[in-house]
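**Student:** What follows is each chain in one-letter form.
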Amino acid sequence: MRRDVYVAVSFLLAFLVISYAITVKDVLGIAQNPLRTLGEFYLSHAFAHEGLTSHSPEVVTAIVWNYRGFDTLFETFVFFLAIMGALSVLRLTKEQEKSVRDLEAREPHRQMDLIVRATVKLVVIMIVSISASIALHGHLTPGGGFQGGSAMAVAALLLFAAFSKFTLERKGLTLRHTVSAYALGLALILTTVLVPVFLYGGKILQINLLPGETGLFNLDVGEYTAVTFGFLTVFLVLGISEWIFKSVLRREVR
Amino acid sequence: MIASFLIFYITITLFAMTFLGIYGVATRSNLIKKIIMLNVMGDAINMLFVLVGYRLVYPVFPPIYEKHLTVEEFLGRAVDPVPQALVLTAVVIGMAMNILLTTYAIQFYRLHGTVDARDMAEIMRGERE
Numbered sequence: 006m007r008r009d010v011y012v013a014v015s016f017l018l019a020f021l022v023i024s025y026a027i028t029v030k031d032v033l034g035i036a037q038n039p040l041r042t043l044g045e046f047y048l049s050h051a052f053a054h055e056g057l058t059s060h061s062p063e064v065v066t067a068i069v070w071n072y073r074g075f076d077t078l079f080e081t082f083v084f085f086l087a088i089m090g091a092l093s094v095l096r097l098t099k100e101q102e103k104s105v106r107d108l109e110a111r112e113p114h115r116q117m118d119l120i121v122r123a124t125v126k127l128v129v130i131m132i133v134s135i136s137a138s139i140a141l142h143g144h145l146t147p148g149g150g151f152q153g154g155s156a157m158a159v160a161a162l163l164l165f166a167a168f169s170k171f172t173l174e175r176k177g178l179t180l181r182h183t184v185s186a187y188a189l190g191l192a193l194i195l196t197t198v199l200v201p202v203f204l205y206g207g208k209i210l211q212i213n214l215l216p217g218e219t220g221l222f223n224l225d226v227g228e229y230t231a232v233t234f235g236f237l238t239v240f241l242v243l244g245i246s247e248w249i250f251k252s253v254l255r256r257e258v259r
Numbered sequence: 042m043i044a045s046f047l048i049f050y051i052t053i054t055l056f057a058m059t060f061l062g063i064y065g066v067a068t069r070s071n072l073i074k075k076i077i078m079l080n081v082m083g084d085a086i087n088m089l090f091v092l093v094g095y096r097l098v099y100p101v102f103p104p105i106y107e108k109h110l111t112v113e114e115f116l117g118r119a120v121d122p123v124p125q126a127l128v129l130t131a132v133v134i135g136m137a138m139n140i141l142l143t144t145y146a147i148q149f150y151r152l153h154g155t156v157d158a159r160d161m162a163e164i165m166r167g168e169r170e
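Protein chains in written order, with the working numbering: chain E, 6 to 259; chain A, 42 to 170.
These are calculated hints, taken from the structure and not from any lab test.
Some hints could be false.
[Unchecked claim] Derived pair list, reagent style DSS-like, types lysine-lysine, alpha-carbon separation capped at 30 Å:
1) E:Lys170 - A:Lys74
2) E:Lys176 - E:Lys126
3) A:Lys74 - E:Lys251
Just chain E, same shape as in the assembly:
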């Protein structure tokens, strides 16, 4: 208990000192009127007519995919590693999967009320269209593949709550399909990144060699697919009922 007090008091002191430095002395330069030099460079050089960039009038997207392209690419790989780490932690062997399927077949089929289901259907259609517009229009307006994919994952969670996981699996959304779609999205990103090297003789990630806005559009679509189905994969594995998972795993432990 006394240790908590020490920690709280020292954090309070650090908070007071740093907030004094930031607000009164203005160390970070929060909300200044003149632009910083770096920001000015990006704002004035990110247009299509300079011939430098990826034909995007939205400066954030131009920075993310053109000036910091490798960073964004590796960020996709970090997301991939996180999904694969989660899957390998939650992985089941062949026999365990079989017993999970047997136990799930015995579980009573539950779903929510008719009103909830109808509302969820309407809302899911809206969420899907909004997420598609965020992702596919991402090189012209704020947004992009990752943001659209996250919105789409919310739609999937709503479906999981209102209908059960089994309804979705019966409609064809099995683990194999989601993993394949995830791989397809990653393959689209890799192809777009590698095409300038093999077709146009440029460097890797030089997507301004591609005609028009094709490069950015392809990258956004690939990221959208990858994020959506990456989340869906983890949700599908986590959607197995707790008691089934526990009984199967505990049997393995002992």
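Given the coordinates of chain E, assemble chain A onto it according to the supplied hints.
**Tutor:** Same frame as chain E, now just chain A:
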């Protein structure tokens, strides 16, 4: 005057949230509470970073170029895009971290029935089942 006071207020609040998050991560022993406080801290820092790029000019534009603007007008009105691009990366990495941490916590709970950090340490040392 009012705008600079508001920005002062928001900055102080975000810093308070950041330190609250660090306090929670340091002192709570429940793993789920630790993850929640880590998220509070990360979101506060991201918002602070976006605030760094804001400018105190009256009609302030998002960093999207429109055809009817000249470059000088655009440079005089648009916010700094660099912090936004950096935060975009940080958000994705935070999401990936969340997935991994929650998965580990859930799996540990399924195997051993606890998410308390002290109990987890005892189990890891083999002192109890």
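**Student:** Work down the list of hints and note, for each, if the structure agrees.
**Tutor:** Do the hints match the structure? See the list:
1. Among the hinted pairs, Lys170 of chain E with Lys74 of chain A is consistent with the structure: their alpha-carbon atoms are about 28 Å apart, no more than 30 Å.
2. Of the supplied pair hints, the one linking Lys176 of chain E and Lys126 of chain E holds, its CA atoms being roughly 15 Å apart against a limit of 30 Å.
3. With a C-alpha separation of about 23 Å, the suggested pair Lys74 of chain A and Lys251 of chain E falls inside the 30 Å cut-off, and the hint holds.
Checked against the numbered hints listed earlier, the structure breaks none of them; every hint is satisfied.
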